[in-house]
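Visitor: Sequence:
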Amino acid sequence: MAEDWAAVARAINERVKELGWRQRELAERSHVSSAIVREIQRNTVNRKRSPRTLESLSVALGWHPQHLEAVLNGRKPPKPEDGPSKQEMEFSARLDALERRLDSITDRLDDMKADLAMVVDYIRSEVQARATERRRS
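Going by the UniProt record's numbering, 43 is the number at position 43 of the sequence shown; the sequence numbering is gapless.
Check each hint, because a few of them may be wrong.
[What the hints assert, rightly or not] Have a look at the derived ranges for each label pair, beta carbon to beta carbon:
id	residue 1	residue 2	range
1	Ser125	Ser33	37 to 45 angstroms
2	Ser50	Ser137	53 to 61 angstroms
3	Arg124	Asp4	50 to 58 angstroms
[To be verified] Derived DSSO-like pairs: lysine-lysine, alpha-carbon spacing no greater than 30 angstroms straight-line:
id	residue 1	residue 2
4	Lys76	Lys113
5	Lys113	Lys48
6	Lys79	Lys48
7	Lys17	Lys113
8	Lys48	Lys76
Simulated from the structure, these hints should not be mistaken for laboratory data. None of the values given here were measured: they were computed from a predicted structure. Just so it is clear, CB atoms sit at the ideal spot from N, CA and C, and this is done for glycine as well.
Could you build all of it, start to finish, from the sequences and the hints given here?
Guide: Given below as structure tokens:
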């Protein structure tokens, strides 16, 4: 069965409305970026998400951690009491937040590596140009 991101968006939007929350509050409570929450709520970008993202959103909304994953795959969501303890859910949400921070750090390091490679290439070309100039003199 195909993934039903529209059903996930409907479920989240209905629950957020029930709770009287704004998008920002869901993002803060779930430790999921506002941009990702917006994409999921609006069903604008249907790409594979980390299972922890849907889990964090489910937990923040007071559902079983696998609730949104079940909705996504057309299954009946489990009841909240069938899931892990509140402490386990909080741990999972924190783990997800750490994973996102680590991804962000990795992206920054990749950017720095690319910048450093450009600097090294520039310095090499300058050294070669000066060596060539000295040989001509």
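Visitor: Hint by hint, say whether it matches the structure.
Guide: Status of each hint after checking the structure:
Between Ser125 and Ser33, the C-beta spacing of about 39 angstroms keeps the proposed range 37 to 45 angstroms intact. For Ser50 paired with Ser137, a C-beta distance near 60 angstroms keeps the hint of 53 to 61 angstroms intact. Between Arg124 and Asp4 the beta carbon distance is about 53 angstroms. The supplied range of 50 to 58 angstroms therefore holds. This hinted pair does not check out: Lys76 and Lys113 have alpha carbons roughly 46 angstroms apart, beyond 30 angstroms.
Among the hinted pairs, Lys113 with Lys48 is consistent with the structure: their alpha-carbon atoms are about 27 angstroms apart, no more than 30 angstroms. Proposed proximity of Lys79 and Lys48 is supported: the alpha carbons are some 24 angstroms apart, at most 30 angstroms. Only pairs whose Cα atoms come within 30 angstroms are accepted, and Lys17 paired with Lys113 is rejected, the gap being roughly 44 angstroms. A distance of roughly 21 angstroms separates the Cα atoms of Lys48 and Lys76; the hinted pair therefore holds under the 30 angstroms criterion.
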